[in-house]
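K.L.:
For the record, the sequence lines run as chains X, U and B. Per our numbering, the very first residue in the first sequence carries number 1; after that it's consecutive. Per our numbering, the very first residue in the second sequence carries number 195; after that it's consecutive. Per our numbering, the very first residue in the third sequence carries number 394; after that it's consecutive.
Rather than coming from a laboratory, the hints here were simulated on the basis of the structure. Only a predicted model underlies this, so the values are computations on that prediction, with no experimental measurement involved.
Listed next, with one range per pair, are the computed distances between beta-carbon atoms:
| no. | chain 1 | residue 1 | chain 2 | residue 2 | range |
| --- | --- | --- | --- | --- | --- |
| 1 | U | K370 | B | A417 | 48 to 54 Å |
| 2 | U | L292 | X | A116 | 29 to 35 Å |
| 3 | U | T359 | B | K558 | 55 to 61 Å |
| 4 | U | P259 | X | S2 | 51 to 57 Å |
| 5 | U | L260 | B | A422 | 22 to 28 Å |
| 6 | X | S92 | B | P462 | 28 to 34 Å |
| 7 | U | N331 | X | G158 | 37 to 43 Å |
| 8 | U | N363 | X | G158 | 39 to 45 Å |
| 9 | X | S92 | U | M195 | 35 to 41 Å |
| 10 | U | T318 | B | E566 | 33 to 39 Å |
| 11 | B | K427 | U | T359 | 46 to 52 Å |
| 12 | U | Y197 | X | A116 | 43 to 49 Å |
| 13 | B | C448 | U | G333 | 29 to 35 Å |
| 14 | X | S2 | U | L292 | 47 to 53 Å |
No more than 25 Å apart at the CA atoms, straight line, and that leaves these computed lysine-lysine pairs for BS3-like:
| no. | chain 1 | residue 1 | chain 2 | residue 2 |
| --- | --- | --- | --- | --- |
| 15 | X | K65 | U | K287 |
| 16 | U | K367 | X | K13 |
| 17 | B | K425 | U | K319 |
Ideal placement from N, C-alpha and C gives every residue a C-beta, glycine not left out.
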Amino acid sequence: MSKLNLITKGFVKDNPTFVLLLGMCPTLATTTSAINGMSMGLATTFVLILSNMAISAIARFIPDKVRIPSYIVVIATFVTLLQFVMQAYVPSVYDTLGLFIPLIVVNCIVLGRAEAFANKNSVFDSALDGIGVGLGFTVSLTVLGLVREALGSGSAFGWKFMPGDGVLVFVLAPGAFLALAYLLVLFRKFIAKQ
Amino acid sequence: MEYILIIISAVFVNNILLSQFLGICPFLGVSNKLSTAVGMSGAVCFVITLATLVTYLLQRFVLDPLNVGFLQTIAFILVIAALVQMVEIVLKKISPSLYSALGIFLPLITTNCAVLGVALTVVTKEFTFGGEAHMLNLGESLVYAFATSLGFGLAMILFAGLRETLALNNVPKAFKGVPVALITASILAMAFMGFSGLV
Amino acid sequence: MVVALGSITLVCSALLGVMHEVTASPIEAAAKAKTQNAIAAVLPEFDSLSELKTCEYGSYYLASKDGEPVGVAVNSKSSGFGGNIKLMVGFHMDGRICNSQVLEHAETPGLGAKCTEESFAAQFRGFDPAVKKLSVSKDGGDVDAITASTITSRAYCVAVENAVKVFNTVVKEESSNE
Chain X
1 MSKLNLITKG
11 FVKDNPTFVL
21 LLGMCPTLAT
31 TTSAINGMSM
41 GLATTFVLIL
51 SNMAISAIAR
61 FIPDKVRIPS
71 YIVVIATFVT
81 LLQFVMQAYV
91 PSVYDTLGLF
101 IPLIVVNCIV
111 LGRAEAFANK
121 NSVFDSALDG
131 IGVGLGFTVS
141 LTVLGLVREA
151 LGSGSAFGWK
161 FMPGDGVLVF
171 VLAPGAFLAL
181 AYLLVLFRKF
191 IAKQ
Chain U
195 MEYILIIISA
205 VFVNNILLSQ
215 FLGICPFLGV
225 SNKLSTAVGM
235 SGAVCFVITL
245 ATLVTYLLQR
255 FVLDPLNVGF
265 LQTIAFILVI
275 AALVQMVEIV
285 LKKISPSLYS
295 ALGIFLPLIT
305 TNCAVLGVAL
315 TVVTKEFTFG
325 GEAHMLNLGE
335 SLVYAFATSL
345 GFGLAMILFA
355 GLRETLALNN
365 VPKAFKGVPV
375 ALITASILAM
385 AFMGFSGLV
Chain B
394 MVVALGSITL
404 VCSALLGVMH
414 EVTASPIEAA
424 AKAKTQNAIA
434 AVLPEFDSLS
444 ELKTCEYGSY
454 YLASKDGEPV
464 GVAVNSKSSG
474 FGGNIKLMVG
484 FHMDGRICNS
494 QVLEHAETPG
504 LGAKCTEESF
514 AAQFRGFDPA
524 VKKLSVSKDG
534 GDVDAITAST
544 ITSRAYCVAV
554 ENAVKVFNTV
564 VKEESSNE
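This is chain X alone, in the form it adopts within the complex:
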């Protein structure tokens, strides 16, 4: 697989949200606006890149039996690191995303990439893979957030283009499911034609 391919595959072919349907909890919960979706995506990408690199570096020394717990410890370390950094430099984003930052630990995407890619590839390739998958996730979350924000609040990235409230339900819980359902249909129909 070429290096470029490692980065681009996360956007369409192996898109974590629309194709693999991984990490659904943050996808639904944090996409009330485009900015929130993007922040969540970038936070996950940060953890994904670092954990991919670390796991790829130490995978050879870990006995097979304690493989998964070791990966979880490594991932949890980077998640806590991320919590420190966010609390220090972007406290408002940290407050908005709340519980879903520590929950990156149990995001199947991160553990999935460790298990499926990082433990049998070089550190550099694993970093690229982390960037690719992470950015794919970020773009998906941003798009979903943008759709929900536009329909629900009549704004995009906080910029209001429509007076009034919009269809409130899209910002609320049911709208998360609904928006994701239709985006998934559109994705299947137009982008990933089988």
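Given the structure of chain X, go ahead and fit chains U and B onto it with the hints provided.
P.N.:
Chains U and B in isolation, oriented as in the chain X frame:
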């Protein structure tokens, strides 16, 4: 009275799946058949309550006194992973029939964000029941955890029932599988919104 | 096997311990900046600010300019729909509310979370609790509730009401001190 409020709030108003979005992976993944949904709900209920008990004690008697609150995430996830392993082993020895019913779901539960989510919520969030906001004590935490997992079970079983019926119908090709399931979940979430304001 | 897992956990915890030390002061600074910004946003112009003081109803900061007291910023909270709503409420010395700002909330995005928006908060600016009634119009007061979020709006009013109580106590204490 307060316990009743906690239960109603956790099962209906702030349903863990339909309004908090925790544990969506099993919600979409193993809701094709009613029987598996029931099994999964049982396993989750068991693990959430047990994990909350252990992590609550861990937080109050180890992490807080030692002033190492920053190890929370890492400690909780390790404890949950170990706990799930232990439950699996114990269940295998004591009750093989229960093991065969729940067994296949147990490994999946470690990475179920509902478990870690509830454990973290219980020790960090202030709750408001009847006016005054306060941190939950052990009894309330356990009731909250149990009620939350009941809410998980309720939503899961309702959803699985709907999906079983849905499978018999003609669905446009692009909507087949997950999209139509998501639309069903959306309608279910809308129904649950009717409970808001109840507590 | 145990050694491998044990050493990984040990290394990771040690790393986190170090990072915790390193980031502790920026985190504290960020929290402090947040409070300072909130105080500046809710008070009229001032040049010196007291330490956090407490009275029986809550805690507050006293602001003064050229030695004259110009305002009081009160930390206040009440319970909303999703959890606590924490406010910073600023008062002119004549008892009018200067401004209010949400410090922390857990309200539903799109509904109660609108309490952070200008359109709702603006109506408290210059609000005189001695003349107008601090409750939502549904309850016979003078505050327009956020659409479909009466609980949040009520909670906001309650928090401001609490702040008024603190302010009144403060003014009484300060005048008796002189």
